[in-house]
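S.K.: Here are the chains, one letter per residue:
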Amino acid sequence: MKGLSLYQAGTNIFMANWILQHWFTFWQAFGKLFKTPLSSFLTILAMGASLCLPAGLYLILQSLGSLQGVVHTNPQISIFMNPQASSSDIGQVNQLLSQNTEIKQYRFIPKSEAIQSLAKSSGISNLLAGLPSNPLPDAFVVYLKNSSPENMAQFKKLAKSWASVDSVRFDATWVRRLHALLMLGQNFFVLISSLLGLTVAVVIGNTIRLQIATRHDEIEISLLIGATRRFIRRPFLYFGLIQGLLAGLAAWGMLSICLLIANTDIAAFSSTYGSTFSIHNLPSVAVGTLLICSSFFGWLGALIGSSSAIKNF
Amino acid sequence: MVIRFNQVCKTYPGKLEAIRDLSLEIQSGEAVLLTGRSGSGKTTLIKMICALEMPTSGQILVNNQDISRIKKGHIPYLRQNIGLVFQEQKILYDHTVLSNVSLPLHISGHSRSETAQRAKAALEHVGLLHREKANPLTLSGGERQRMCIARAIVNRPSLLLVDEPTANLDAEHAASIIDLFGSFHQAGVTVIIATHDDQVIRRLPLRQIHLEAGQLERPFPLSGRH
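Those protein sequence lines, which keep their order, are chains A and B. Mapping of the first sequence onto my numbering: position 13 corresponds to residue 13, and the numbering continues sequentially without gaps. Mapping of the second sequence onto my numbering: position 45 corresponds to residue 1045, and the numbering continues sequentially without gaps.
Everything labelled a hint here was simulated from the structure, so no lab data went into it. Do not take every clue at face value.
[Said to hold, decoys possible] Restricting the straight-line Cα-Cα distance to at most 25 Å, the calculated cross-link-like pairs of lysine-lysine (BS3-like) are:
| # | chain 1 | residue 1 | chain 2 | residue 2 |
| --- | --- | --- | --- | --- |
| 1 | B | Lys1090 | A | Lys311 |
| 2 | A | Lys35 | B | Lys1133 |
| 3 | A | Lys311 | B | Lys1071 |
| 4 | B | Lys1090 | A | Lys32 |
| 5 | B | Lys1047 | A | Lys311 |
| 6 | B | Lys1072 | B | Lys1047 |
| 7 | A | Lys32 | B | Lys1133 |
| 8 | B | Lys1072 | A | Lys311 |
Excised from the complex, chain A in its bound form:
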């Protein structure tokens, strides 16, 4: 038991030393940034500007996405009943729709509800009130499980064949275009994020290579007296990690400033359409992701830069 407790004590001391060494190395790396403050500041600013671009693109995509959420991305099919259709005709169509397994959901809109809705949204209620009778037909709004153009065309053909159905319409072209645009934007976002993340990694990797060149003697002597390559790399990895993290913070700061300026103009523009649309700042999860990604790219650049430079010793 005594032996075991001594072993545990030894392990605890080793762990404590190991943690202390990492802590010490971390602060050493952090302090290194302030040895050349202007150079460090400019490098971080340049990397922050690089990261600001994909972060800004993400915000724009998010805002367009929320716009997409206002309208239905899943295209709807409108089935307009014949104006002379009786309630039993409507019941028949309702039964056909309820039996169709292709349908995700559907809703009946009686013509009385349709005209109320039109009066509310168009602002021509007085004009509509002056009409001798309701010109709108009863209608069904249908959402299919599979809203591919082929499937929708097939359903349109089927619904049109039903008795007392006057016309069937679906016009989701612009929604699909927006969806396609968002998909394109998302792919572009992934591509540009990867490229600019790589830029951050390259910039940090190069900085590390220069640092290693200036600490040539120290590294050479350390290796001669028993330093592992992992030990040599450690301060550089922390340096890259810290630089990446600070670049991420800089990107967030720059983006916030840009938004502050841009939102004033956006608000003025969207108010002309009676909207209060504005671009919101990054949510906390996105900020966290930005900081983790920028730190990762910094660490990666440092790992590649230091590994290739130390290999020459």
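Use these hints to put chain B onto chain A, whose structure you have.
M.R.: Same frame as chain A, now just chain B:
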């Protein structure tokens, strides 16, 4: 630390044979002088013991560990148990004396307080504690060498490898350095000193391993060299 060479050969690129079919044994706690002219293979032999150079053929055993087959990742841990005093001194001139001496302890993961305590003890042992905060550039040749010795012993190694310790030192400084190695030997450390300095050979009456063109030779009598 027992060291055994079994038919070791070392050929550098360009077919330059530094060591030829060398077999020898150094017992644990023994101190030996590795003598021979410049280019006889002394430095190569020292470098092979700490895996700075690998033998072309043969076997080198350091405490029964085969250095010729050692994994690259294990080399640093081997070196952490060996004190090295290089011919070229290898000093960090942008660090203080204390920081230079502390480096091996920092590498082997000692706490900061223990590092400082042991580095100061090593500096005291070589008589250089009063210069702990000095820059190595301000030290004399002998002081720099003593600082290198302090760095080599700070980790309390069981083997001390020393390459030409008195090169570029005057007789007085050289004598104090030589006496230091004698004290380490008495403390039970295995010491291997590569030298072609007669003063070292005279002052330390130790077993001599004399190399001639990379091969083991009988040592020359000192009187015959004058």
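S.K.: Going straight from one Cα to the other, do Lys311/A and Lys1071/B come out at no more than 25 Å?
M.R.: holds, 16 Å
S.K.: Given the hint that Lys1072/B pairs with Lys1047/B, test it: the Cα-Cα distance must not exceed 25 Å.
M.R.: holds, 15 Å
S.K.: Decide if the proposed pair is consistent with the structure: Lys1090/B and Lys311/A, CA atoms, cutoff 25 Å inclusive.
M.R.: Since the Cα atoms of Lys1090/B and Lys311/A sit roughly 20 Å apart, the hinted pair holds (cutoff 25 Å).
S.K.: Need the status of pair Lys1072/B, Lys311/A: alpha-carbon distance at most 25 Å?
M.R.: holds, 12 Å
S.K.: Are the Cα positions of Lys32/A and Lys1133/B separated by 25 Å at most?
M.R.: Between Lys32/A and Lys1133/B the Cα gap is close to 21 Å, so the pair holds against 25 Å.
S.K.: Lys1090/B and Lys32/A were given as a pair; does the straight-line alpha-carbon distance stay at or below 25 Å?
M.R.: Distance of about 24 Å is within 25 Å: holds.
S.K.: Would the hint linking Lys1047/B and Lys311/A be met if the CA-CA limit is 25 Å?
M.R.: holds, 20 Å
S.K.: Does Lys1133/B lie within 25 Å of Lys35/A when you go C-alpha to C-alpha?
M.R.: holds, 21 Å
The structure meets every hint from the earlier list without exception.
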